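K.L.:
Those protein sequence lines, which keep their order, are chains A and B.
Residues 184 to 713 (the working numbering) make up the first sequence, in order.
Residues 184 to 713 (the working numbering) make up the second sequence, in order.
For the record, the hints were derived by calculation from the structure and aren't laboratory data.
Note that the structure is predicted; figures quoted are calculated from it, not measured.
Among the hints, a few may not be true.
List of simulated lysine-lysine pairs, BS3-like, C-alpha gap at most 25 Å [what the hints assert, rightly or not]:
1. Lys243(B) x Lys191(A)
2. Lys666(A) x Lys628(A)
3. Lys191(A) x Lys554(B)
4. Lys224(A) x Lys554(B)
5. Lys699(A) x Lys224(B)
6. Lys220(B) x Lys699(A)
7. Lys607(B) x Lys224(A)
8. Lys607(A) x Lys224(B)
9. Lys554(B) x Lys193(A)
10. Lys666(B) x Lys711(B)
11. Lys634(A) x Lys224(B)
12. Lys220(B) x Lys607(A)
13. Lys213(A) x Lys224(B)
14. Lys220(A) x Lys213(B)
15. Lys666(B) x Lys224(A)
16. Lys554(B) x Lys243(A)
17. Lys243(B) x Lys193(A)
18. Lys607(B) x Lys582(B)
19. Lys220(A) x Lys666(B)
20. Lys554(B) x Lys628(A)
21. Lys224(A) x Lys243(B)
22. Lys193(B) x Lys243(A)
23. Lys666(A) x Lys224(B)
24. Lys193(A) x Lys387(A)
25. Lys607(B) x Lys220(A)
26. Lys607(A) x Lys666(B)
27. Lys220(A) x Lys711(B)
28. Lys213(A) x Lys213(B)
29. Lys465(A) x Lys607(B)
30. Lys627(A) x Lys554(B)
Protein chains: 2
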Amino acid sequence: MTKNKKQKLKARIPRGFIDRSAADIRATDKMISEIGKVYQKYGFDPVETPMFEFTDCLGKFLPDSDRPNEGVFSLIDDDEQWMSLRYDLTAPLARHVAEQFNEIQMPYRTYRSGWVFRNEKPGPGRFRQFMQMDADSVGAPGVQSDAEMCMMMADTMEALGVPRGDYVVRVNNRKVLDGVMEAIGLGGEENAAQRLDVMRSIDKIDRFGIEGVRDLLGAGREDESGAKTKGLGLDEKSIGNILSYISSGISGASVDSIQAESKVEDDNIYELEDTQYFNSNKLTMNSLRRSEVSDYAEDGIRELDQICDLVTAAGYGTNRIRIDPSVVRGLEYYTGPVYEVELTFKIKNEKGQDVVFGSVGGGGRYDGLVKRFTGQPVPATGFSIGVSRLMTALKNLGKLDSTDILAPVLVTVMDGNEMGNYQKMVQELRNANIRSEMYQGNWKKFGNQLKYANRRNCPIAIIQGEDERTTGEVQIKDLIEGKRLSEEIEDNVTWRESRPAQISVRRDELVDAVLKLLAQQAEDRENKPE
Amino acid sequence: MTKNKKQKLKARIPRGFIDRSAADIRATDKMISEIGKVYQKYGFDPVETPMFEFTDCLGKFLPDSDRPNEGVFSLIDDDEQWMSLRYDLTAPLARHVAEQFNEIQMPYRTYRSGWVFRNEKPGPGRFRQFMQMDADSVGAPGVQSDAEMCMMMADTMEALGVPRGDYVVRVNNRKVLDGVMEAIGLGGEENAAQRLDVMRSIDKIDRFGIEGVRDLLGAGREDESGAKTKGLGLDEKSIGNILSYISSGISGASVDSIQAESKVEDDNIYELEDTQYFNSNKLTMNSLRRSEVSDYAEDGIRELDQICDLVTAAGYGTNRIRIDPSVVRGLEYYTGPVYEVELTFKIKNEKGQDVVFGSVGGGGRYDGLVKRFTGQPVPATGFSIGVSRLMTALKNLGKLDSTDILAPVLVTVMDGNEMGNYQKMVQELRNANIRSEMYQGNWKKFGNQLKYANRRNCPIAIIQGEDERTTGEVQIKDLIEGKRLSEEIEDNVTWRESRPAQISVRRDELVDAVLKLLAQQAEDRENKPE
């Protein structure tokens, strides 16, 4: 063989993209299947759109993408039109509905899972290709649809094994938020940009707390490293109004005592975090009704009231669905109720501190998104779950189903001229539905074959050398027992009599013997003491 | 509401991309799951790569992409490097293996399904985004791995319900093909381009037949419309050699009598098509051994011989796996055995003629693909199934599993003030695992609610107006029976006593009554005469 003198190509992957392992793929598939079952029970059916859309059809609704053309992957097609890879699953759904408007039966209740792309700076746990799973009701004008979404998110968490109390669906209404801003003089088309800035500041409450938001709305914020973020420069009274509003859901909160950690003994108050108590939905609604807001906001408050009534009627308490005026959602296109599902259990952050896991999905009402195409309003509401992020959460909870798939039985190759015989063995095993393979590497080094079986966790190896062939026999090596025996020498643990690690059977008994041994191993897995 | 005076955006989708329906998605998911089960039984595990790769890592191996940068979607990343969307699943796998070379246990046996992208002219059934499902053994030097792939393709077809006889896996070897070309003076690096041209001409045998290939290799071909394709201008003897070789698998074939439709009564001859008889693998191999080829080709013939022995040992006859020297496979990177799975049943083409359905997948050995990165040869073999194309085929065979998911039970809304009560009903139904929903459109027109239920094929509608609420009852409307009764008036068909199309039950009996009615409907579906 001639040596390749050419410059070698470096095998590398663009940043923000990753390869997925078998365990990851199996767990994701299982999770998506479970979520799909919940959505189907609610009456939703799958519908999917392709990866590409015309750029103008997608629109620019990404959070934090103030610069034009930022955030999406785009290219010019042959016909000189700009195409982009979808950045979420909602904008393409709006295009789909508008395009098929006359064929679609409204309300149109659909779900989908798929990859979306963001041309942003990747970071830990932050990728440029990631998976979302969405559900949407299009042509659904009433808040009963928003209420349904909230209940479906709660049911989804429980279907995945997240215990009640470890998650909460938080609900707000953009109309109320807009009403608060109108009341402080930020109403009207001319203040749209500033309203967006205020919302983005509020949205950082998870990271910076109420005081951080206060700084962002006012003079600006300086982080630990000394880096400064410019503030919006609102006056004290306006800031007070906003903070009072967004903290209406926190027990005992007022503009002055937002960080006071009062412990209130009251059935109506729901304890979620060690240092903070949340009002019951009833108390929050009472507090909201006392807020200084415009008429527009009254409408939003009425809608939140209805959502409360509906979820209560269906048996969902404040411990599952909670009115929380600090919920904003980053996307610009929401027009009414917004909601998100937060996982409330603690994990360690990179500094070793205990922090709440946080949001794994959310959505809201987007009555104007289809209208961009049709000219007439098409009311719609829906949410998106961040599949990878939710999977990380389930891993933390020990609830990730990694679907125990056994490694294959390995038929080893002792003699290249007898390959047909080994092939026949593996065929017989597969015909009996036993996961199995003939060794496919260079068979001449037998040690490599056993090393391969070992690294892949194969349960059994089949061996037939010249001696066995002559006597019409075959060796069955119990690799699990072999490992146990070698470990016992160190551990001195015995929980049952040991089996022979290798047995010899007649060639025609191969399949039966393997089936029997696999059954014994399965029994051991069930009975094994931890 | 102010009327939108702005120019409306046109909802449209880039050509060559499509939205997918619920039936399509469910059928695909089912199919992929079935295929995955076969691959897993053979010992393969899932591994996936992202949509994007660096353009240089992907390489340019697309068929018919003589023009540089044609065929793929590419863009420049922030760091000025070119990225492309993957055009198949093999090139990214080679990158993955090279990048993880030290972590991966060889032989590395994996499978994956996913979207791939071709920036080509779309046509009927030809999309710019489509799904492939691949399996590969990397670090597997022997032809036993190629033989395994062929058997796995055959098993996959049967697992999907394609009857034996309606498919065949056809196998060839690039080494033999190269040897034939060497023998007619087309060996060596300097003739690489021309060899590729010859292969592409041979690859058109399905569309143009042997005589068409003869024209393409010689003076050129004129189609029915008068459009001309330039020929390669080979001399008569060279053309004869090539045609003789590629038709070695056809019974009674010779350079002169290729289209003779001789009927040979012989156990060794396998009848596949009405007008053509194929040799048994043994006869084909005998014919190949008599061909005028170089030493290099001898190697390839020996490999084909071994494949024959192995698949025969495992019980796969010529009716499942057939040596066929006319198989080429379009991709440039194959270095040894190539194979494809063809569906042999007839469908009507656009002209109404009966034609064989054709290839739904294929692959081959690509020992050089990982070497581009590692500098050392890493032997590998694998194949790809065209998921959408295979689905079309299964639809034709009536074997497409569209997984009968029942539409939801519809709880209608008669009074907006009683929404909480309706919500409670739907919650009770869902808690009993009954697929159901409360009507989410504008409830005020009751006719729309029943029209919705009808169009969506809802099995049951629940109705509670003021009267029923007062008496503590609820109406259960059997929409299936309702349809049957209205159809009977026209058809006058009765196969059982009719049920009442609507019953009234006590509110607390709602769930039980719905369960009972769903069970009756299920029984009807089973018993209904066709």
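K.L.:
List, from low to high, the hint numbers that the structure doesn't satisfy.
P.N.:
4, 16, 18, 19, 21, 24, 26 and 27
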